[in-house]
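Number of protein chains: 4
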Amino acid sequence: MTATAENPTRFGETSAAARLRRFAAVRERTARLCDPLAIEDYVIQTVAEVSPPKWHLAHTTWFFEHFILAEHLAHYRRFHTDYGYLFNSYYEGVGKYFPRTQRGLLSRPSVSEILAYRRHVNQAMNTLLSANLSKDRSKRIMQLTEIGLQHEQQHQELLLMDIKYNFAFNPMKPAYLDSSNKEEQGSAAPESVEFAWLSIPGGLVEVGTSTTHRFVYDNEKPRHRVHLQPFLLGNRLVTNGEYLEFIAAGGYQQPQWWLADGWNTVQQNQIRAPLYWYQKKADWFVYTLRGEVRLDEQEPVSHVSYYEADAYARWRGARLPLEQEWEHALSCHPPDTTTANFVEKGVRHPLPANANAKTDLYQGVGDLWEWSSSPYQPYPGYRAFPGLLGEYNGKFMCNQMVLRGGCCVTPATHFRPTYRNFFFPYDRWAFSGIRLAKDGG
Amino acid sequence: MTATAENPTRFGETSAAARLRRFAAVRERTARLCDPLAIEDYVIQTVAEVSPPKWHLAHTTWFFEHFILAEHLAHYRRFHTDYGYLFNSYYEGVGKYFPRTQRGLLSRPSVSEILAYRRHVNQAMNTLLSANLSKDRSKRIMQLTEIGLQHEQQHQELLLMDIKYNFAFNPMKPAYLDSSNKEEQGSAAPESVEFAWLSIPGGLVEVGTSTTHRFVYDNEKPRHRVHLQPFLLGNRLVTNGEYLEFIAAGGYQQPQWWLADGWNTVQQNQIRAPLYWYQKKADWFVYTLRGEVRLDEQEPVSHVSYYEADAYARWRGARLPLEQEWEHALSCHPPDTTTANFVEKGVRHPLPANANAKTDLYQGVGDLWEWSSSPYQPYPGYRAFPGLLGEYNGKFMCNQMVLRGGCCVTPATHFRPTYRNFFFPYDRWAFSGIRLAKDGG
Amino acid sequence: MTATAENPTRFGETSAAARLRRFAAVRERTARLCDPLAIEDYVIQTVAEVSPPKWHLAHTTWFFEHFILAEHLAHYRRFHTDYGYLFNSYYEGVGKYFPRTQRGLLSRPSVSEILAYRRHVNQAMNTLLSANLSKDRSKRIMQLTEIGLQHEQQHQELLLMDIKYNFAFNPMKPAYLDSSNKEEQGSAAPESVEFAWLSIPGGLVEVGTSTTHRFVYDNEKPRHRVHLQPFLLGNRLVTNGEYLEFIAAGGYQQPQWWLADGWNTVQQNQIRAPLYWYQKKADWFVYTLRGEVRLDEQEPVSHVSYYEADAYARWRGARLPLEQEWEHALSCHPPDTTTANFVEKGVRHPLPANANAKTDLYQGVGDLWEWSSSPYQPYPGYRAFPGLLGEYNGKFMCNQMVLRGGCCVTPATHFRPTYRNFFFPYDRWAFSGIRLAKDGG
Amino acid sequence: MTATAENPTRFGETSAAARLRRFAAVRERTARLCDPLAIEDYVIQTVAEVSPPKWHLAHTTWFFEHFILAEHLAHYRRFHTDYGYLFNSYYEGVGKYFPRTQRGLLSRPSVSEILAYRRHVNQAMNTLLSANLSKDRSKRIMQLTEIGLQHEQQHQELLLMDIKYNFAFNPMKPAYLDSSNKEEQGSAAPESVEFAWLSIPGGLVEVGTSTTHRFVYDNEKPRHRVHLQPFLLGNRLVTNGEYLEFIAAGGYQQPQWWLADGWNTVQQNQIRAPLYWYQKKADWFVYTLRGEVRLDEQEPVSHVSYYEADAYARWRGARLPLEQEWEHALSCHPPDTTTANFVEKGVRHPLPANANAKTDLYQGVGDLWEWSSSPYQPYPGYRAFPGLLGEYNGKFMCNQMVLRGGCCVTPATHFRPTYRNFFFPYDRWAFSGIRLAKDGG
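Protein chains in written order, with this note's numbering: chain U, 2 to 442; chain A, 2 to 442; chain P, 2 to 442; chain E, 2 to 442.
Simulated from the structure, these hints should not be mistaken for laboratory data. Some hints could be false.
[Unchecked claim] Okay, derived cross-link-like pairs now, SDA-like style, lysine to any residue, Cα gap no bigger than 25 Å in a straight line: (1) A:439 <-> U:384; (2) E:222 <-> P:227; (3) A:174 <-> A:279; (4) U:174 <-> U:284; (5) U:281 <-> E:99; (6) P:97 <-> P:119; (7) A:439 <-> A:230; (8) P:222 <-> E:381; (9) A:439 <-> A:360; (10) A:97 <-> P:270; (11) E:359 <-> E:192; (12) A:174 <-> P:427; (13) E:439 <-> P:227; (14) E:140 <-> E:386; (15) A:439 <-> A:196; (16) P:97 <-> A:279; (17) E:439 <-> P:385; (18) P:97 <-> A:172; (19) A:140 <-> A:83; (20) U:222 <-> A:442; (21) A:439 <-> U:389; (22) A:174 <-> P:119; (23) U:222 <-> A:230; (24) A:439 <-> U:207; (25) E:97 <-> P:427; (26) U:222 <-> A:226; (27) P:282 <-> A:83; (28) P:174 <-> A:117.
[Unchecked claim] Rough simulated footprint, nothing fancy, chain P against chain A, three-plus residues with beta-carbon under 8 Å: (29) 83-89; (30) 408-419; (31) 431-441.
Heads up, the beta-carbon is just placed ideally off N, CA and C, and yes, glycines get one too.
Take the sequences, apply the hints, and build the full model.
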């Protein structure tokens, strides 16, 4: 399976064969990501926001079954009457669904039953995608299929985030990947990249997209004008070494750097370092998908909350960028996508800035999702997806913060510069990092 | 006491005598707002976000003692060694403070001890404000005193919000004001105002302020440009009658109108109507500061959360305005401040839109705080107050939403068009209402 | 007012005048216990199991109104329609009642309204008790009145326990009684009493009572036989000094002494000493109803939970006595009631064992309620009070432990050797202490 | 495997070969009980008091490893350094242990790793049990091994209780046993048994045991005298049909039948029927280990809490028996053990009283654990097991209630008439039922 096969559909251009290949490739990659798991690993849910791997496998399948097959494939027979209830995630309009916080309390359906479910739905989708349909129906199905595949790719990313959390919770700290498998691991940049401020001009700029030629989420639309002040943006992500200075300076004990809700969060949860960091005597270690490793000061700091990112920035006399600033800066300083650390690279961990990259905005895409200072709100003129899929994005536009740039478990074929990811400000289990910004220019 | 005496200081212009008068008048008004209370009423706290009236009386006093007298009045003796701990609200930089959720568990200091505390501090402030000081120190003290008075006025508003909540909690539903005292009550508008859309032009506009001549909060600064699309704004607030239609149509039972967090909130708390509404058989009643009254369909709907405001707007095919849209619209359609329903009017309840007002933007100020769709974030170039007062506003710029316009318990002398109030999206105990907006123009 | 006037009614013997005197005296004492309170002190409830003083005043009054006047006094008019709901404590059969945990959230009815309620009911009770009634009705009313008075006396004890908890919660640690008022305080015993084991014979013994001549609670009935092994009983209560040895030896850190639920309780609540103890540097202090005092090593240890009492006993190689052992021992070694430290003595704090007492079972009654090792269960043949008063005791016979002996805030006229008090094993706000027992004889 | 092989060791009599056979047979039965499980079923824990099957398999193994092999088998090598922490249940004296409520959050060690752990420990135990040891060491090891086997048998029972709870939680309601496998199911009694009171004489009787010839738990010792009133005891368990009458009469809505804590429990958890009962339209169904079945009115009511048992008894004008009454009655009316429904019978569900049984105390043993009215307290003269095993029973002697008689998932070779089981009064996931008692005789 190559990433090429997974390239997103360009509406009206991509051939039926290419579409079938893409469907197969994306679906297949999800299954492959689970290859290192034992059956027991598919079952557990160690915290409310994490889902069991077998739930991800089933839910992404249900998505095709419910939103496409049930409506568009004649005589389609649902695989099991209970699966709608069990694998609907949050679509209130579709009907009642099993409580999210209890997904890890179900041993059945078993993994093999869920794999059978995937085969059943894949076959039916193949039938549908190969059928001779009217142009209108064909277009609608192509659009829905593309949503389903983009959705599946989002869950590929979640799958690895969730597996990481589940494994790290275990006192035995099992590894998801073999740490000795060097060929899959990234090699550190030959030389480190010194921090520098990039100066970005302000003025009336355009962000977002109004494309109709290819898939984008409703939340990326429409393209619109915003007025920005000139600003400075960090040329790379904040490193573990730089973050250690914040810890050493007592940053977690000094309320002046923190938002009120952030201060409460770190106090109540006794947070003293990023998620997955722990100390043995004087030394810091980090849990990764390859198990425990010594903290690498060159790597970008990861698994911090918005509160930590914001406090760190304030302590440095800086701030986080607006999402519009980030998008505008990226258009001024295009990243080097050939070296970008996405999931296909196989590292599954952020890498130090690569001095050889052909850009001066290092780690601009891949490696880590970057916290912006922008609350997740609709763009002016926002219209949600029609029908029940309107719940996909719009209803979450409150209380969450936007992150930009993709990360080391994001499929490269899923990413776009206008892509808006979002998490609650206290969330830390995503691969989230920090890029600094500053007023002026 | 007249509102005139309470007029805010114009830096460099207001005379010392006027400043002393203002100090006395604002402090006095706080005490007067408590006149209808029995001693027992000063003690209770019926929910975490509400504070006991005696705590408000003491905390506003501590503010002057800690931030001004302790530093600027030679030989000042603090009234009681424990009061710093007891009456610091949330200033982490000042030191530990008594838990907010337990303020209602303290019977001591008694009300009379707290009134003695107020006299002690008032006298010392008089001494300080009458002293012959260098120009620089005098200016600094004037600025701090103004913050203290603005702070006290915020608590005047909170005092009435909190008393309302505390009283409504009691099954006996006691009244704060005598309902028969007709002269203090507003008379309903002779004729109702029909709903209409005002068309507001877009473009590059300026919002916020950079004034140095008079007091503003740090969060209103600096004045800056934003780009707005043309939009429509409701000419008056949404009425109880209009909101009843939403209830009758099953709005609280239909997830499609609600943000995800809003839907969870109404489900978990079994919310089926605005706060203070309740039904007896078919009829709706409302608890007000004058006790129980029948629901008046002409009055604006009040005590709704952001979630309810947002859901209502979506159900109407509209949305809530951005705070920048609101501020821009107000400059296009100046409200009639002579008829505005602020606390001095004595009504302490929102009134129906007054058809006689000299404006076409009814209820633009006073009556109810209007939920905007803007998360409470810093303006570009924001700088917090210097020193420990930097915690006043800045640390709350996350997870809250901006409200605009003042309400029926806001002092008129406290309000400014650039004023940004903020509450959590689930908060309902403020006098908060709904003004609709819509794309287009 | 003398304790004599409060002597309980002997059915069939006590004169009407004496009964009226008793009613007045008991009711009056409740009010007198509140004399040291400020109005604010009547309102608060600092923890779920504590009630506001004004609630006690009203609830004991409602008891007479609901169970006697409403049924037996012709044309009796209830004082207020809401008071039944507000002041019913837990009688499910009577109807819905206001949640116990929220009693401190009501500022109204005010203290003065509740005092008026007391006068209203006292007058009506006087009318009823002076009326010329049939012998049967008179007897029934006499019995019910006696329950009401015993109930009021229980609440006198609770009132002081609750005030102590409420005051101790306040960081300012106000005192209920003036600590300089020496005449009301007990003087320490001239010489201390050395610990000794009393040897008590076993065999078939009788406990409980079947009296019909005077009031007893249903839970003291009937008199019945139990078989006891011979045992040893401590001649006095465990002292603060002895308990300090347990703390110093690390007793709170060593799980082997503790019941599983006790260990969880002390871990979760970080309990390291009895309630009201706290350390300043090396020195131990105790909060008392007269404010803070230095720990007196001769005084009996108080405000311990059953878990602490049980752990201490196990650490000493001993155990707690069964309630039947306690009752049997008391009949073998009658205490000296003339020196007993009950509420009338005015000390309101436990005293060291008095070497001058005419007994060898010191502190057998008064000073502190003594934890037995007996779960609170019905005696064989138990019958609850008839009617709705059946809820008085019977429904609590699960999950609680029996305490015996009365304490320094128990009215002497309320105590009986067969009296069974009961609290949950984790409760600590009662005046509860420890007497050791041991197998053998 | 036959039950015979599992017969408990008679100290000093049983041969080494028989002891090896018993060890193998008991250990083997545990594994066999898991045969119907899928791998996924071993992982989950649907409520705090239930443990994952793989935890039971590992914990019982750790028990032998820690308490026997580590001390008594020279050169024994622990299987894994983390297993002590992971599989210690509650022995504080042994060291820290993984939180009970999170056992279902660990996917590793996997089932196959745990089965390897079992083999490792079984082999080492075989070595130890076959070794030529001094008489004293041999005796000590025999005693400890017997504790380990009795402990394993307790967990066999828990395993089925927990599997039942886990499976019933799943909306798909999977079955543990094949419902069509008729040969394993009990056949209903040919004729039903009419309810009757057995009259049991009172007086001084002996209960408990002081045996040294065979294993008993410390909590069954010592044999001692108690004085009982004559009483009546139901000749069989309360049936589903009888319990339905309580439901139909509104028993769950009438507070007068309930203990206070019981009433709170049913209100807060909205309990309206025994656990595993549910209604589809008018018909009642029950979840069993063979999946869903229609409610059988002849079967004894099962999975009720102490609160429900107590309320039901009070509603019938009866009460629950003391544990001493139960034990005394059993000696007066020996049950027919040949027909008793224990785990070996393979039914794994309670059966209607069997009219053919050779006794007049039907269902006296097997079928269901019977709630007594006795709190779980130490017998007079109780001594806990020596050493760290002292935590086995003693520390739970508070807040729990005794149940007697064994049930349909209890190994027959584990049961004794003096056996004291105990659960919290709110627990319902055990196979617990109701036998009525009454004063008089």
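Going down the list of hints, with the structure as the test:
| no. | hint | verdict |
| --- | --- | --- |
| 1 | A:439 <-> U:384 | 13 Å, holds |
| 2 | E:222 <-> P:227 | 19 Å, holds |
| 3 | A:174 <-> A:279 | 12 Å, holds |
| 4 | U:174 <-> U:284 | 18 Å, holds |
| 5 | U:281 <-> E:99 | 20 Å, holds |
| 6 | P:97 <-> P:119 | 22 Å, holds |
| 7 | A:439 <-> A:230 | 10 Å, holds |
| 8 | P:222 <-> E:381 | 24 Å, holds |
| 9 | A:439 <-> A:360 | 20 Å, holds |
| 10 | A:97 <-> P:270 | 21 Å, holds |
| 11 | E:359 <-> E:192 | 14 Å, holds |
| 12 | A:174 <-> P:427 | 36 Å, violated |
| 13 | E:439 <-> P:227 | 19 Å, holds |
| 14 | E:140 <-> E:386 | 15 Å, holds |
| 15 | A:439 <-> A:196 | 14 Å, holds |
| 16 | P:97 <-> A:279 | 19 Å, holds |
| 17 | E:439 <-> P:385 | 15 Å, holds |
| 18 | P:97 <-> A:172 | 13 Å, holds |
| 19 | A:140 <-> A:83 | 30 Å, violated |
| 20 | U:222 <-> A:442 | 20 Å, holds |
| 21 | A:439 <-> U:389 | 23 Å, holds |
| 22 | A:174 <-> P:119 | 22 Å, holds |
| 23 | U:222 <-> A:230 | 15 Å, holds |
| 24 | A:439 <-> U:207 | 22 Å, holds |
| 25 | E:97 <-> P:427 | 24 Å, holds |
| 26 | U:222 <-> A:226 | 23 Å, holds |
| 27 | P:282 <-> A:83 | 20 Å, holds |
| 28 | P:174 <-> A:117 | 20 Å, holds |
| 29 | 83-89 | holds (count 3) |
| 30 | 408-419 | violated (count 0) |
| 31 | 431-441 | violated (count 0) |
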